[in-house]
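K.L.:
The hints should help you fit chain B onto chain A, whose structure is shown.
Each protein sequence line maps, in turn, to chains A and B.
The first sequence: position 241 = 241 (the numbering used here), numbered continuously.
The second sequence: position 79 = 79 (the numbering used here), numbered continuously.
These are computed hints drawn from the structure, not numbers from a lab.
Don't take every hint at face value.
[Said to hold, decoys possible] From chain B, some residues computed to sit far from chain A (all C-beta separations above 12 Å):
#: 1; residue: G71
#: 2; residue: E73
#: 3; residue: E292
#: 4; residue: E305
[Unchecked claim] Covered stretches of chain A, going by a simulated chain B footprint (3 or more residues, C-beta under 8 Å):
#: 5; stretch: 156-163
#: 6; stretch: 204-214
#: 7; stretch: 226-232
#: 8; stretch: 235-246
[Claimed, not checked] Listed below are several chain B residues computed to face chain A (Cβ distance under 8 Å; list not exhaustive):
#: 9; residue: Q88
#: 10; residue: G89
#: 11; residue: L135
#: 12; residue: N185
#: 13; residue: G209
#: 14; residue: C229
#: 15; residue: Q266
#: 16; residue: A273
#: 17; residue: M309
#: 18; residue: F312
Where a beta carbon is used, it is the ideal one built from N, C-alpha and C, also for glycine.
2 protein chains.
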Amino acid sequence: MPKSLLVVGSIALDTLRTPFGEAKDELGGAATFFSVVASFFVPVRLVGVVGEDFPKEFLRVFDSRRIDTAGLEVVPGGKTFRWHGSYQGAMNEAKTEYVALNVLGDFRPSIPKNFRDTRLVFLANGSPVTQNSVLDQIEKPDLVVADTMNLWIETQREALLALLKRVDGIVLNEGEARMLTGEHNLIMAGRKVLALGPKFVVIKKGEHGSILVLHPTDPSNAALTHNVCPLPAYPATEVRDPTGAGDSFAGGMMGYLASTGQYGFQHLIRAMAYGTVTASFAIEDFGLRRFERLSIDEIDRRLNEYHDMLTF
Amino acid sequence: MPKSLLVVGSIALDTLRTPFGEAKDELGGAATFFSVVASFFVPVRLVGVVGEDFPKEFLRVFDSRRIDTAGLEVVPGGKTFRWHGSYQGAMNEAKTEYVALNVLGDFRPSIPKNFRDTRLVFLANGSPVTQNSVLDQIEKPDLVVADTMNLWIETQREALLALLKRVDGIVLNEGEARMLTGEHNLIMAGRKVLALGPKFVVIKKGEHGSILVLHPTDPSNAALTHNVCPLPAYPATEVRDPTGAGDSFAGGMMGYLASTGQYGFQHLIRAMAYGTVTASFAIEDFGLRRFERLSIDEIDRRLNEYHDMLTF
Chain A
1 MPKSLLVVGS IALDTLRTPF GEAKDELGGA ATFFSVVASF FVPVRLVGVV GEDFPKEFLR
61 VFDSRRIDTA GLEVVPGGKT FRWHGSYQGA MNEAKTEYVA LNVLGDFRPS IPKNFRDTRL
121 VFLANGSPVT QNSVLDQIEK PDLVVADTMN LWIETQREAL LALLKRVDGI VLNEGEARML
181 TGEHNLIMAG RKVLALGPKF VVIKKGEHGS ILVLHPTDPS NAALTHNVCP LPAYPATEVR
241 DPTGAGDSFA GGMMGYLAST GQYGFQHLIR AMAYGTVTAS FAIEDFGLRR FERLSIDEID
301 RRLNEYHDML TF
Chain B
1 MPKSLLVVGS IALDTLRTPF GEAKDELGGA ATFFSVVASF FVPVRLVGVV GEDFPKEFLR
61 VFDSRRIDTA GLEVVPGGKT FRWHGSYQGA MNEAKTEYVA LNVLGDFRPS IPKNFRDTRL
121 VFLANGSPVT QNSVLDQIEK PDLVVADTMN LWIETQREAL LALLKRVDGI VLNEGEARML
181 TGEHNLIMAG RKVLALGPKF VVIKKGEHGS ILVLHPTDPS NAALTHNVCP LPAYPATEVR
241 DPTGAGDSFA GGMMGYLAST GQYGFQHLIR AMAYGTVTAS FAIEDFGLRR FERLSIDEID
301 RRLNEYHDML TF
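Pulled out of the complex, with its shape left as it was, chain A reads as follows (with noise of 0.2 Å):
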């Protein structure tokens, strides 16, 4: 049985340049490209803020998809948060050229009433303090999963660490992982992490992959020989901008997981599959671009290539 999903998190305008090209103004943001994604799957409720420069054609990519906008602000006045980014060569990092984080600064989410009963929750990047209270808002979530990123790490510690006791699972990139536990062994650091209260930590290796990292100890994996799976990247050869590869991700394996209602450890593996995959479609054009002419069906298509090239 599906579950209703919620993400909160940033909208943004993103000016981008790669060896492959240069795009301003795109429609960009975590929440944004979480919705998107997730919304192959499933209907989703999105809770954000832009200001009144945001493009109407903009609101039209969301509500020409399953995405509900009620919690979508639009601070009268207010300049929609904004980022300019670059890539060189292999890409493999963002160098920020310019940030303005506008309307996004002085976000206080408010989650509408009628998205109270959420049963999946994605906090996407955001401040711990402003996580924890998006989930004060929510009654009793099946299951709720976290972004986070080093900023946070290194200024609002505390918030952060009384937010991974409320939260499931918690989705970082590799040097967050070894900056939040100073552990250089990934599967050291996601098994510190998981002291600290999640159930599950997905670690995001970019062109490498990721690593699902569980509790031994929970009694829904105790048929497991083992606690950690690693999951290589798609053999990507076509990649012309990472931007939104992350929220991507998280978007097919959230929304994966509340199309199908069940979290249990071969859930997560292939929710962790999927979001794959679909990271994989976003990296292959600028910003949302891939997504606009993407199908149900080529994401399970692919899903199922990705799958034959790990049997054996």
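P.N.:
For chain B alone, kept in the frame of chain A given last:
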């Protein structure tokens, strides 16, 4: 039906320092790791050279296994190849502190008559001129796989290109694949290597696993919707000494292929999985020590666990 397996390459005395300890005059070298690992799967024919200083108890390491040392030359008055290396921090890269080729510098492998009918040949890292000279001495092998390194790509490119036309498969690390082809994307790099002759390329990425790239036009791959297989590394938490991981990977891969006597796509993938697992044992202790207390049953158990990790 198991097929005969031959390896030609270095035998060394290694002096190592890692964050987990030190070892002096440890038995090492590419052909050593390869043959010890492959001998878990099939009998192995070893061709290499050592000096008169080579400790008798190290000869017993070979003799106590299914390793035929008829091709092991002992140079009277000669000194064995020595390598001193160290690893720091995450141990991603070995730093060579000292190297003395000694008898390896003048090594002109002579393949014993009863080795010349060998079905599977692994040319461990060595000068491509030498590797070519080995192939001149083998009668119609079924499968030849070679390893190489940066040095030969830079200094003996012509001989290496000639070799690539004579082998079925090549094993490279990611830096070598990029250096050989000038292509950053590893799948594109793999395809450029295929254009130079081999039927398959294995690109090793250390802690990030490996990628198999195949000829899309090979009829035995016609059923595939893809011609790339990425495999993650086994998620290791005990890493004490990475020395020999790459040759242990090759030993598991070739040992498994020799044990089945089949070289199709599905066998190659499973062979890579075995290589992944045998490499994961190599790094758990210094030198060859982990293999002294390892059984094929333990290898198979870890292969099954690894298989389950990738099943969704």
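K.L.:
Please go over all the hints and tell whether each is borne out by the structure.
P.N.:
Against the structure, the hints:
Every CB of chain A is more than 12 Å from the CB of G71(B) (nearest about 32 Å), matching its label as outside the interface. The non-interface label for E73(B) is consistent with chain A: the shortest C-beta to C-beta separation is roughly 38 Å, beyond 12 Å. E292(B), annotated as away from the interface, keeps every beta carbon of chain A farther than 12 Å; the closest lies near 24 Å. Residue-level check failed: E305(B) sits 5 Å from the nearest beta carbon of chain A, not beyond 12 Å.
With 0 residues bearing a CB less than 8 Å from a CB of chain B, the stretch 156-163 of chain A misses the requirement of three and the coverage assertion fails. Using a Cβ-Cβ cut-off of 8 Å, 4 residues of the stretch 204-214 of chain A lie near chain B, which meets the minimum of three, so the contact claim holds. By the rule of at least three residues with a Cβ nearer than 8 Å to a Cβ of chain B, the coverage given for the stretch 226-232 of chain A holds, with 6 such residues. Closer than 8 Å: that is the beta-carbon criterion, and the stretch 235-246 of chain A has 4 residues meeting it against chain B, so the requirement of 3 holds.
Interface hint at Q88(B): violated, since its Cβ lies 11 Å from the closest Cβ of chain A, which is beyond the 8 Å cut-off. For G89(B), the suggested interface contact is upheld, since its CB lies about 7 Å from the closest CB of chain A, less than 8 Å. Given the 8 Å rule on beta carbons, the hint for L135(B) is violated: about 29 Å separates it from the nearest Cβ of chain A. Contact between N185(B) and chain A, as hinted, is supported at the beta carbon level, the nearest pair being about 6 Å apart and thus within 8 Å.
At a threshold of 8 Å, the smallest CB-CB gap from G209(B) to chain A is about 6 Å, leaving the interface hint in force. Using the Cβ-Cβ criterion of 8 Å, the hint placing C229(B) at the interface with chain A is satisfied: the shortest such distance is roughly 5 Å. Taken as an interface hint, Q266(B) checks out: its beta carbon lies about 7 Å from the nearest beta carbon of chain A, inside 8 Å. Contact between A273(B) and chain A, as hinted, is supported at the beta carbon level, the nearest pair being about 5 Å apart and thus within 8 Å.
Because the closest C-beta pair between M309(B) and chain A is about 5 Å apart, less than 8 Å, the hint holds. Look at F312(B): its Cβ gets to within about 4 Å of chain A, closer than 8 Å, so that hint holds up.
In the structure shown, a violation is registered for the earlier hints numbered 4, 5, 9 and 11, in ascending order.
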